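S.K.: Just so you know, the protein sequences line up as chains A and B, in that order.
Quick note, in my numbering, the first sequence goes up one by one and the last residue is 426.
Quick note, in my numbering, the second sequence goes up one by one and the last residue is 426.
In short, the hints are calculated from the structure, not lab data.
No experiment lies behind these values; they were computed from the predicted model shown.
Watch out, some of these pointers could steer you wrong.
Remember, identical chains collapse to one label, so a pair may be satisfied in a single copy or spanning two.
Straight-line alpha carbon distances no greater than 25 Å define the calculated SDA-like cross-link-like pairs of lysine to any residue that follow [unchecked claim]:
#, residue 1, residue 2
1, 389, 136
2, 345, 225
3, 247, 389
4, 169, 96
5, 170, 424
6, 231, 363
7, 131, 37
Single-letter residue listing:
2 protein chains.
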Amino acid sequence: MNENNDDINNLNTPCVLVLDSVVRNNCIKMNERAASLGVNVRPHMKTHKTIEIGKYQFEENKNLNKSRGIIVSTLSEGKFFSKEFKDILYATPIAPNKVKDAYQLHLSIDRLNVMFDNIEHLKSMVDYAIKNPNEFQKKWSVFLKIDCGYHRAGADPKLQSTTDLVELIVNGEYNQYFQFQGIYSHSGHSYKCQTPTDIKNLAIEEARVTGDYGKKLKSLGYKVDTVSIGSTPVCSHLPHNLLSEYGVNEIHPGNYTFYDQMQYELGNCKLEDIGVHVLATIVSIYPERNELLVDAGSLALSSDPGCTHLRDLKVINNFGIVYNDTNLRIVAPSQEVSKIQSTNQSPIDFSKYKIGSKIRIIPNHSCLTAAMFSDYHVINNDNQIINSFKPNKHW
Amino acid sequence: MNENNDDINNLNTPCVLVLDSVVRNNCIKMNERAASLGVNVRPHMKTHKTIEIGKYQFEENKNLNKSRGIIVSTLSEGKFFSKEFKDILYATPIAPNKVKDAYQLHLSIDRLNVMFDNIEHLKSMVDYAIKNPNEFQKKWSVFLKIDCGYHRAGADPKLQSTTDLVELIVNGEYNQYFQFQGIYSHSGHSYKCQTPTDIKNLAIEEARVTGDYGKKLKSLGYKVDTVSIGSTPVCSHLPHNLLSEYGVNEIHPGNYTFYDQMQYELGNCKLEDIGVHVLATIVSIYPERNELLVDAGSLALSSDPGCTHLRDLKVINNFGIVYNDTNLRIVAPSQEVSKIQSTNQSPIDFSKYKIGSKIRIIPNHSCLTAAMFSDYHVINNDNQIINSFKPNKHW
Numbered sequence: 032m033n034e035n036n037d038d039i040n041n042l043n044t045p046c047v048l049v050l051d052s053v054v055r056n057n058c059i060k061m062n063e064r065a066a067s068l069g070v071n072v073r074p075h076m077k078t079h080k081t082i083e084i085g086k087y088q089f090e091e092n093k094n095l096n097k098s099r100g101i102i103v104s105t106l107s108e109g110k111f112f113s114k115e116f117k118d119i120l121y122a123t124p125i126a127p128n129k130v131k132d133a134y135q136l137h138l139s140i141d142r143l144n145v146m147f148d149n150i151e152h153l154k155s156m157v158d159y160a161i162k163n164p165n166e167f168q169k170k171w172s173v174f175l176k177i178d179c180g181y182h183r184a185g186a187d188p189k190l191q192s193t194t195d196l197v198e199l200i201v202n203g204e205y206n207q208y209f210q211f212q213g214i215y216s217h218s219g220h221s222y223k224c225q226t227p228t229d230i231k232n233l234a235i236e237e238a239r240v241t242g243d244y245g246k247k248l249k250s251l252g253y254k255v256d257t258v259s260i261g262s263t264p265v266c267s268h269l270p271h272n273l274l275s276e277y278g279v280n281e282i283h284p285g286n287y288t289f290y291d292q293m294q295y296e297l298g299n300c301k302l303e304d305i306g307v308h309v310l311a312t313i314v315s316i317y318p319e320r321n322e323l324l325v326d327a328g329s330l331a332l333s334s335d336p337g338c339t340h341l342r343d344l345k346v347i348n349n350f351g352i353v354y355n356d357t358n359l360r361i362v363a364p365s366q367e368v369s370k371i372q373s374t375n376q377s378p379i380d381f382s383k384y385k386i387g388s389k390i391r392i393i394p395n396h397s398c399l400t401a402a403m404f405s406d407y408h409v410i411n412n413d414n415q416i417i418n419s420f421k422p423n424k425h426w
Numbered sequence: 032m033n034e035n036n037d038d039i040n041n042l043n044t045p046c047v048l049v050l051d052s053v054v055r056n057n058c059i060k061m062n063e064r065a066a067s068l069g070v071n072v073r074p075h076m077k078t079h080k081t082i083e084i085g086k087y088q089f090e091e092n093k094n095l096n097k098s099r100g101i102i103v104s105t106l107s108e109g110k111f112f113s114k115e116f117k118d119i120l121y122a123t124p125i126a127p128n129k130v131k132d133a134y135q136l137h138l139s140i141d142r143l144n145v146m147f148d149n150i151e152h153l154k155s156m157v158d159y160a161i162k163n164p165n166e167f168q169k170k171w172s173v174f175l176k177i178d179c180g181y182h183r184a185g186a187d188p189k190l191q192s193t194t195d196l197v198e199l200i201v202n203g204e205y206n207q208y209f210q211f212q213g214i215y216s217h218s219g220h221s222y223k224c225q226t227p228t229d230i231k232n233l234a235i236e237e238a239r240v241t242g243d244y245g246k247k248l249k250s251l252g253y254k255v256d257t258v259s260i261g262s263t264p265v266c267s268h269l270p271h272n273l274l275s276e277y278g279v280n281e282i283h284p285g286n287y288t289f290y291d292q293m294q295y296e297l298g299n300c301k302l303e304d305i306g307v308h309v310l311a312t313i314v315s316i317y318p319e320r321n322e323l324l325v326d327a328g329s330l331a332l333s334s335d336p337g338c339t340h341l342r343d344l345k346v347i348n349n350f351g352i353v354y355n356d357t358n359l360r361i362v363a364p365s366q367e368v369s370k371i372q373s374t375n376q377s378p379i380d381f382s383k384y385k386i387g388s389k390i391r392i393i394p395n396h397s398c399l400t401a402a403m404f405s406d407y408h409v410i411n412n413d414n415q416i417i418n419s420f421k422p423n424k425h426w
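Next up, chain A with everything else stripped away, as it sits in the complex (with noise of 0.2 Å):
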């Protein structure tokens, strides 16, 4: 509502305020350490959804990835990022009512890369280019998607039946239709650890489990340009020998950009790194129960619960903390107002937290929190407002 004023108090809450200088940072700081160890970093940008924070994740040449390939979490994301990005990885399974609208997108930039796991997959993909022979042009760019240990999707790269998709496309009778392009895992499971040396164990099993299999298509015979692995919490504790031992040439972190609650109780960023906050202004309080109640409830923040598994028993409810006073934090939102209460139940400040006050809570789950706006305002250190960002917006 002030966007002519650069002072953030005089924002309409609840609003998401993007810090510039960290998110830069953090991308500058994945792509060093992915520079490192001689591997690519493929962005996802499902977490901003932004061409902003997109080109951030290349700045400063620090990304040996050329090609500014980047990752997209739905296909109105892959849109959006076409006027940016010409080499885009789909991450989801294929389905066939997706097919038309993904094949449309290939021919409009270098190559839109779709994923598969199933023979489905593929014979959608190929029923699609038989039914359109004049508008098949070129092959279908494909990666397998395979499964880590994380059990949500992929396919299991124990299986014969595995390779034997690889095989089809490669060699057999689908091998008109497509390009294969190489593999790929997600580690969300890495969500779940409960300390760095849990994750840095979890990352050398996704980078052996997803290498050696890279390997095994290799040894038989097939051209398998991109291993990629990923999850910001693998990608911050990766062994040094990622491509030199597994074979793994490529990693594709998306949350980083940001970080949050989540990121900083599992060990993979420090508070200051977290580039998303909140801005909420306080509409009552209640000194009688030492809370206060403020206008960013589930529809700001998401309701997301968080890392509970590594949380004492009393603070399992907390669905944000607040930015400079991380004792406060978010116990119960509701869909437009939450509460807020003191951890330790020590007395709020009541001189300092007076309604109309304004505070900055740090989210839970970025991803979810600022897919709930539809503007972020951008600050600098000085926490004026110096841009505004539009992230892309549903399906």
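Following the hints, position chain B against chain A.
M.R.: What follows is chain B alone, placed relative to chain A:
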């Protein structure tokens, strides 16, 4: 994407379906229930956020509320609904940074009623009136929010300081600025009840606490036009003597338009009363793990865990169930995809659930789920798309 086609199977997924006759019937039944008790329904708009369903909430003249008074959860909603409704209650204690916008809205319709539960709310409204003497043409219309035991917002009716606030605006130095409309409570703790009997008892408790305070104010000589209680669970189990015994003359439910899995688990509706489903596509299948993967994740369903306190320890993870096959449930939503398992571990029928098959998901919490979408596809009893409703978004 295929709005010209009335077949839901051609819709881009994920998307939301609104079951027109179910929603209308929910509205009629709530109005009939209230009318039989002789009380108004002041319907809440926050669950659906659409003008069309707002009108359904007054259809067939079953609602005794002749001023067509409604409730909204944000000022953005207030402005949106002011096109159709002229008596609006903004249900969050008014923060100083929202006073100006609230007063503009108040001037533009019959009345915007705002909430107070602390003297600071009154002070900021008086401050605005004093600083804008030419603009201040009509008194602020206000409700006192009282705490009926939920302990989220509201002044304590047992404290003299609460009644002092009423005195201040009715007879005291602030009387030139305010029109006192009545009192309002919200029994959000009804969502933590174990059984319908518990909810019934809570309804009596809210009616007693709020109704008694209304009687007290009247006995002190104050005019109290409205004594309003609510929450969909409580409004589903109202005592027959709500008006005659307790003096409560208004209820303000919202979720009842759509209902959801939580309301079903609490015993407030049947599965067939749930008026909103998320349509999703199966993007992959994993027979070896007896699992499906669908393209509706936390950004389509929300990550609200629902009424975990009512569930068997084995089925705590339930972020939505499959319509017409309620043994299948969302066990793990990620940002854009979710895993589905069968609750009793029985084998999923993979001849029915194939890659590309559509499923309809009954959400845990319809208020949060509906808010994830920019368009509602409205369907009739034959599952044909008959309309598109566009909800108010953001703040």
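S.K.: Give a verdict on every hint.
M.R.: Right, here's what the structure says about each hint:
In the homo-oligomer, the alpha carbons of residue 389 and residue 136 lie at most 25 Å apart only across protomers (23 Å), although the nearest pairing inside one protomer, at 43 Å, exceeds that limit. Taking the shortest Cα distances, residue 345 and residue 225 sit within 25 Å of each other both inside one copy (18 Å) and across copies (22 Å). When the C-alpha separation of residue 247 and residue 389 is checked against a cutoff of 25 Å, the pair qualifies neither within a copy, at 56 Å, nor between copies, at 36 Å. In this assembly of identical chains, the alpha carbons of residue 169 and residue 96 lie at most 25 Å apart only when taken from the same copy (23 Å versus 63 Å across copies).
In this assembly of identical chains, residue 170 and residue 424 lie within 25 Å of each other by CA distance neither inside one copy nor across copies; the values are 29 Å within and 41 Å between. With identical chains, the CA atoms of residue 231 and residue 363 are at most 25 Å apart between copies only, with a shortest distance of 24 Å across copies and 33 Å within one. For the identical chains of this complex, residue 131 and residue 37 are inter-copy neighbours only, at 20 Å across copies versus 44 Å inside a copy, given an alpha-carbon limit of 25 Å.
When held up to the earlier numbered hints, the structure conflicts with 3 and 5 and fits the remainder.
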